[in-house]
Amino acid sequence: MKNKTLLLTKTLIRNGEGLNLKGSNTFAKISVLVAFAVVIPMIMFGIGSFVVFLMGVLRPIGQEGLIISMGLSLNSAIIFIFGLIYIISTYYFSSDVEYLLPLPLKPGQIVGAKFLVVTLYEYMTTAVFFLLFWVTYGVMTGSGVLYYLYGLIIFLLLPITPLALASVLIMVIMRFTNLSRYKDTVKVIGGLLGVFLGIGVNLIVQRFSTNMSQEEILALLRKGENSLLELSNSIFPTIKWGAKAMVSSGDWSGFLSFLIYIGFSLLVFLAVLLMGEWIYLRSVMGMSETGSRRHKTGSNYLEKEAVRGSVVGTYLKTELKLLIRTPIYFINCVIINFLWPIFLFLPMIMQNPAEKTDMMKGITGFMADPEASGFILIGAFIFAVFMGCMNATTSTSISREGGELFIKKYIPVSYQKQLTAKVLSGFVLGLAAIIIAVFLAVLVFKLPVWTGLLILLTAWLPIMSTCISGLLIDLYNPKLDWDSEQKAVKQNVNVLYNMIAGVVPAGLTLALIPVSSNFVLTAVLLTAAHGLLCALLMKCLLSLGVRQFRKLEN
Amino acid sequence: MIELTNVYKTYANSVKAVDNLNLIIPDGEIFGFLGPNGAGKTTTIKLITGILNADSGSIKVNGLDIEKDSLKVKKQIGFVPDTPNMFLRLKGMEYLNFMADMYDVSTEERRERIDDLARRFGMTDVLQDRIQSYSHGMRQKIVIMGALVHNPPVWILDEPMTGLDPRSSFQLKEMMREHADNNKTVFFSTHVLDVAEKVCDRVAIINKGKLLFCGSMEEMKDHFKKNASLEKMFLELTESEE
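Protein chains in written order, with my numbering: chain P, 1 to 554; chain B, 555 to 796.
It is possible that some hints are incorrect.
Claimed, not checked - Footprint (simulated), chain P over chain B, 3 or more residues, beta carbon under 8 angstroms:
| hint | segment |
| --- | --- |
| 1 | 597-608 |
| 2 | 629-635 |
| 3 | 639-651 |
| 4 | 659-669 |
As the list claims (entries may be wrong) - Here are the simulated EDC-like cross-link-like pairs (lysine to aspartate or glutamate), alpha carbons at most 20 angstroms apart as the crow flies:
| hint | chain 1 | residue 1 | chain 2 | residue 2 |
| --- | --- | --- | --- | --- |
| 5 | P | Lys183 | P | Asp96 |
| 6 | P | Lys551 | B | Asp609 |
| 7 | P | Lys417 | B | Asp609 |
Source of the hints: derived by calculation from the structure; they are not laboratory data. Just so we're clear, the structure is a prediction, and the values are computed from it rather than from any experiment. The beta-carbon is built from N, C-alpha and C at its ideal position, and this holds for glycine as well.
Next up, chain P with everything else stripped away, as it sits in the complex:
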């Protein structure tokens, strides 16, 4: 008889929500590969140079082993935090749960399979990070084959302890609270946690590798007790043995540590299976019911709520409500508009005080310089193009309809009006990004208020044009056949295509740099060029786009 846990794991992976490019065309595949080819080396370069820098600091004092310990600790911490999100969505919020429960499977087998699926996700999340610590240390210390072999096995077993802890924590919470009632809220919080973790790691690495002196780092390491390193070493005890095995891979004590590491990891895995057997079923029962507090409808409820609105206004409001209330849309289409402006300002605000003062002086001086106004306006337009392209609202607007697209076909509202409302939904959100950025620039960098106002008056044009281009792209290449909202947005190549299309408005803007010393000319040309582009795209949308919308059938 085949092992049911492994069989189930395979099925779950096949049915999984990976980056499925099977149905996409060659261009889509190439674009995704190019994106990865650019993004991954950038991350690798950042972390790689951080490790090399640490080696330079620690090697002279004979403490380079700390790097492995640190690599494993950070990895475990990342696995744990992402694990909380992955586990709650895989164990509890995944739609397969209700199909699995009636099958003749033991709870331990379901937990085991789901645990392995999450482990696989974790490999993908942390592989690059681990690889850099592992290989850089190995190369710089000239370690032998055994070091690499130990490293590989340690990496494969590394997620077990943090994931076991996260599993137990989540299972206990789900058993004793009614968190499932707030499924959507939990998903949003989880998603935001992931985003913030990403920014956090990025900022720490940046700060370490660019702003701290050797003495500062040593002092930080000496302080020890409360550091993340110590904390995660004590929470995940296997790290100690893993690090020892890798650092002393050449002798017997390393081998012994390696065996202890493997033994302990397997024990922990068995403990999770037992715990799952015991608690999972009880915690998952009733998950498929979405809780809702029933409200007593008052006598004047209809008078208050049943009020006529305009067609486009109601359509737009409904689009926005669905964007805000669907967690995956909220994170990818709504919150991103509020986070990006902060992302861009944060590294500048987080600089160390001495450099910050110098830099701030430079920036505020530049902002106040009337000569630079044209250049600032160009910068604002580039930012608006960027924000418009990053925003997935319109480039997934048709895709998000999925199986419900037919509703938009039978309601008696012209396709012109429907597409206009869809463009507006992206535009409203993109505009929020511009308003926040201008507000921050005025507040933090002392951007003159009148320049800020001028940006608000004109820089909506690129937001509008990128929203229209996004919708046009999605009309011609909609991804309507999906079974989870995630696939409609996160795995939608149209978002990438719209970023590529952003080259046009970005090019239009950058072409005006030569005249940027003349503020009035820059402002007039920018507005005219982007206004024209907007008008052209809108005409395309209302003719070609409408025709295409009419043709769409699902």
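Starting from the known structure of chain P, arrange chain B on it as the hints suggest.
Then chain B, alone, in the frame of chain P:
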């Protein structure tokens, strides 16, 4: 009144979903559209409601052509699709307001209609809740309410009885009768023969896109041997084509 003249629809895989369909459904009639799974019932409904475009032929609703006056035609129709799982993240009331705005229903009229429909279906107390929290039957009811909020002259329903409890099912049949008695048209698809027999003034049977029979229940009975059960007739009709 619904008129279909020589309507054809072929899907991309060259399957003829609707093959030269001709139908006239006058006002004041409940018309049942019968056929096995995959017969072309839903495709026909999608053609009448403007969700799909016909390859050829003409479809008119109250004298208006769906091709030429699509918005006017759509306004004449209240449509209940076969799946009620839509707009799950909206509250019941938000959904009804959305539909009422799309169909240009005035504030007074919508208040009156929503109040009446909610009372009939026992939905008054759940209008503030998200549709996601509704049972299948409640979702079906809110969709029916959305379809009737503009008091449409033509009411089209795709497999409407699925998931309804006996009381709501009875209520729906009553409402269909009322609608037809007010000289409006009711067109619905079903494969539950019993429902068709009890409710319909006339029925049509379709299989593989072709109309096999159209007439009153009596005519249908005459058409076949008098004492045969409707179910047997239905099987005979559909099997003879295979």
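Evaluated hints:
no.	hint	in the structure
1	597-608	holds (count 6)
2	629-635	holds (count 4)
3	639-651	holds (count 8)
4	659-669	holds (count 7)
5	Lys183/P with Asp96/P	holds (15 angstroms)
6	Lys551/P with Asp609/B	holds (12 angstroms)
7	Lys417/P with Asp609/B	violated (26 angstroms)
Hint compliance for this structure: hint 7 alone is broken.
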